[in-house]
Amino acid sequence: MFALVDCNNFYVSCQRVFEPAYKDKPVVVLSNNDGCVISRSEEAKKIGIKMGVPAFEIESFRVSHNLKVYSSNYALYGDMSHRVMSILAKLAPEIEIYSIDECFLQLTGFDAGFDFIKFGRELRHKILKYTGIPTCVGIARTKTLAKAANRIAKKEGHGVFMLDDEIDIQICLDKLSVEDVWGIGQRYASKLKSDNVVTALDFTNMPQSWVQKRMTVVGVRTWFELRGKSCIKLEHTSPDKKAICTSRSFGRLLDDFGAIEEAVCNFTARCAAKLRKQKSCAGFLIVFLYTDYFRKDLPQNSKSVTIKLPTHTNSSIELISYACNALKKAYSAGFLYKKAGVIVTDIIPQEQVLVGLFDEVDREKHQKIMQTIDKLNHSFGREKIKVGKQGFNKKWHLKSEYLSPCYTTKLSDVIEVS
Amino acid sequence: MAGLVPTKTLKNPKNKCRFSIATYVIPKRQWIKKQNVCIQFAHLYLSFVQIFNSFNDKPEFMIQIYNLNTVESPHLVPLVLSPISAGFPSPATDYLEEGIDLNKEVVKNPDSTFIAKVVGVSMIDAGFYPGDIIVVDKSLNAKNNDIAVCSIDGEFTLKRIKIEHDRVFLQPENKRFSPIFITPENDFLVWGIVTYLIKKTR
Numbered sequence: 356m357f358a359l360v361d362c363n364n365f366y367v368s369c370q371r372v373f374e375p376a377y378k379d380k381p382v383v384v385l386s387n388n389d390g391c392v393i394s395r396s397e398e399a400k401k402i403g404i405k406m407g408v409p410a411f412e413i414e415s416f417r418v419s420h421n422l423k424v425y426s427s428n429y430a431l432y433g434d435m436s437h438r439v440m441s442i443l444a445k446l447a448p449e450i451e452i453y454s455i456d457e458c459f460l461q462l463t464g465f466d467a468g469f470d471f472i473k474f475g476r477e478l479r480h481k482i483l484k485y486t487g488i489p490t491c492v493g494i495a496r497t498k499t500l501a502k503a504a505n506r507i508a509k510k511e512g513h514g515v516f517m518l519d520d521e522i523d524i525q526i527c528l529d530k531l532s533v534e535d536v537w538g539i540g541q542r543y544a545s546k547l548k549s550d551n552v553v554t555a556l557d558f559t560n561m562p563q564s565w566v567q568k569r570m571t572v573v574g575v576r577t578w579f580e581l582r583g584k585s586c587i588k589l590e591h592t593s594p595d596k597k598a599i600c601t602s603r604s605f606g607r608l609l610d611d612f613g614a615i616e617e618a619v620c621n622f623t624a625r626c627a628a629k630l631r632k633q634k635s636c637a638g639f640l641i642v643f644l645y646t647d648y649f650r651k652d653l654p655q656n657s658k659s660v661t662i663k664l665p666t667h668t669n670s671s672i673e674l675i676s677y678a679c680n681a682l683k684k685a686y687s688a689g690f691l692y693k694k695a696g697v698i699v700t701d702i703i704p705q706e707q708v709l710v711g712l713f714d715e716v717d718r719e720k721h722q723k724i725m726q727t728i729d730k731l732n733h734s735f736g737r738e739k740i741k742v743g744k745q746g747f748n749k750k751w752h753l754k755s756e757y758l759s760p761c762y763t764t765k766l767s768d769v770i771e772v773s
Numbered sequence: 232m233a234g235l236v237p238t239k240t241l242k243n244p245k246n247k248c249r250f251s252i253a254t255y256v257i258p259k260r261q262w263i264k265k266q267n268v269c270i271q272f273a274h275l276y277l278s279f280v281q282i283f284n285s286f287n288d289k290p291e292f293m294i295q296i297y298n299l300n301t302v303e304s305p306h307l308v309p310l311v312l313s314p315i316s317a318g319f320p321s322p323a324t325d326y327l328e329e330g331i332d333l334n335k336e337v338v339k340n341p342d343s344t345f346i347a348k349v350v351g352v353s354m355i356d357a358g359f360y361p362g363d364i365i366v367v368d369k370s371l372n373a374k375n376n377d378i379a380v381c382s383i384d385g386e387f388t389l390k391r392i393k394i395e396h397d398r399v400f401l402q403p404e405n406k407r408f409s410p411i412f413i414t415p416e417n418d419f420l421v422w423g424i425v426t427y428l429i430k431k432t433r
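Chains as they are written, first to last, in the working numbering: chain A, 356 to 773; chain B, 232 to 433.
Here chain B stands alone, though its shape is the one from the complex:
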């Protein structure tokens, strides 16, 4: 350890290491930047060392890093295997999780999910206002009371689907509109089921 100053404790760059955070000492901070490649290699090496370490009581390891920019003799960096007391390691490390990804929550099936925009007021009592964005999943099968994008005689429409015994009708959510009964003469298709309604509030 003589002559080496512990200037920086490096954390694993991607937090993907399955082992607890490795700590080791590197002589110069500037030097670290230049030797990015070597440092990454050192990370790998360290992971390996740690596995090995778990089987041994008092191992000693050295990492040899070659400076590519100069013709000096290789730097020898001693490896400190116990955490240096530069602060208590974060207790949250083992519990790190990815943030909430709304795409993942809202779009369950990306292959069959499409986005549409609400125009008109026929569904206003169900909260669908003009300009709102809706998420439509084509893969789902229609159930009674689903809100769906349907195509009827070549026109798209947003309505609540009602299935009663032997008839199907489309129920608007606005008292000023009347339900649409589907007959065999209609060219009717449930285009997709609305799974989310997205509104802008400011």
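So here's chain A without its partners, still in its complex pose:
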């Protein structure tokens, strides 16, 4: 048996734990840079706020419906997520953290008469009591069915739903449209629909060879899963990334080279830190720079520059110097830029780095410096020590006008009680 535990409106719920005044009020959380709506309370959904609408469109609701708006506070959500996952890890034999607010549990080795629904209710109750976060639990024989069961648990409002009975499964799959099946993306869904396969039940009724032909083995796996045969196991470790990208929209349009350079240096440092965390080095570095596509009145200029590094590296110092060179090629004066980013790719484990014959960089020294910086930043806070080029101006910094305190990660930000 598998269970999928999903936190309800997770970002909004995190905010509400520390602001009980907004318990029954419409609340939304905006994406990075206060761009668009990414999490809505049930009340916000009811007054017609759609997922993904830009922030300026909901401005009027703040007055008319007393809508509470938050900028995203990932320090808070990360900590709350960690608490939820930690509780689950103690209650289930095996778990897979699927995203910041979803977790699969593998429930094997229980007696035949084990009451899974009761177990699900206890999970929910415990997480709510311990952290204040409401959740929904879907239970079924496969991960894909557990995901479907979770949708029902959420919609029908009981919070726990088990999908085990054959007839129940048929009814549920008939109501589920193919694009909502876990593992079937938009592109496959539209392809399937053109073949008159609209619901998940239609999909499971197609012959295996038909699915194999159109959707390869991945589709067949989903097909088996929906028919109750578990093919997708829990993933315990996330595989190391093949490419790492750090990219942000600027808080406002920038034309000044210095400010953009500072941003790019910071993105590069972030990529380098991620590389070091997974103990690997990159061989290619890509810097890209975009003007604001939506401002048709402004001249457009978007460019990306790729650099092959002479030796694979994860040193912030080295990567930043290459990133600056790349940026010089990508940048032209006279444009207003909206977004920049850095991608590092051709990632290999750091033990497999081949040093060039004419390599003049003291790699051992770099490694020591990076280790020291990582250690210091770990104990004194992110980016306490950084490369000089990363600067202090922060003109590029994200907009987050409605940021709440970091209630759980900063002593100066904890709740106050009288």
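Be aware that one or more of the hints could be misleading.
Within a straight-line C-alpha distance of at most 25 angstroms, the following computed DSS-like cross-link-like pairs (lysine-lysine) qualify [stated by the list, open to error]:
(1) K546(A) with K380(A)
(2) K629(A) with K651(A)
(3) K484(A) with K393(B)
(4) K348(B) with K484(A)
(5) K597(A) with K651(A)
(6) K765(A) with K348(B)
(7) K651(A) with K663(A)
(8) K481(A) with K339(B)
(9) K546(A) with K597(A)
(10) K374(B) with K484(A)
None of these hints come from the bench; they were simulated from the model. Being a predicted model, the structure only gives us computed values, none of them experimental.
Position chain B relative to chain A; hints supplied.
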């Protein structure tokens, strides 16, 4: 032993060895630093040797360490299995314990523990002064006389919980404040139970 000078007695690096401290002799102190990896291996080997030793009366062992930096022939380091008399081994070794970890003492359940700060004077007679830090555990169930962080009609408040027959009220610890009686009309929640009060004294 000829030609080797016992310069340093190495202790187990992490004190995690289940066996008593191994002592052995290494020729040059400088050399030890360079060969850190080998030395760690030697530790492992020694642990193994010691188990073996406990079954034998007079064993003889040699550890072979290869110097990675040069092409010289491997160094042969004889192993001394009885403690060398470079001082009496510390009698405290078997009793080593970790230090006191306040996190562990104060935070019994990290998943459900939150930190809050006291503002206002309603609990001053119970010792809660403005600026004090309190540790709040959400996992505990409220009992009569617990001090708790409650949310009442959307506001956080710190009070002593009194449960009497069929009614619940919040008792401030300051004569200038009066108790708050909870009615069904109130939106009331015991947010968490205060388990520790932390004060700064200078």
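Structure-inconsistent hints, enumerated in ascending order
Hints 1, 2, 5, 7 and 9 are the ones this structure does not satisfy, whereas the remaining hints hold.
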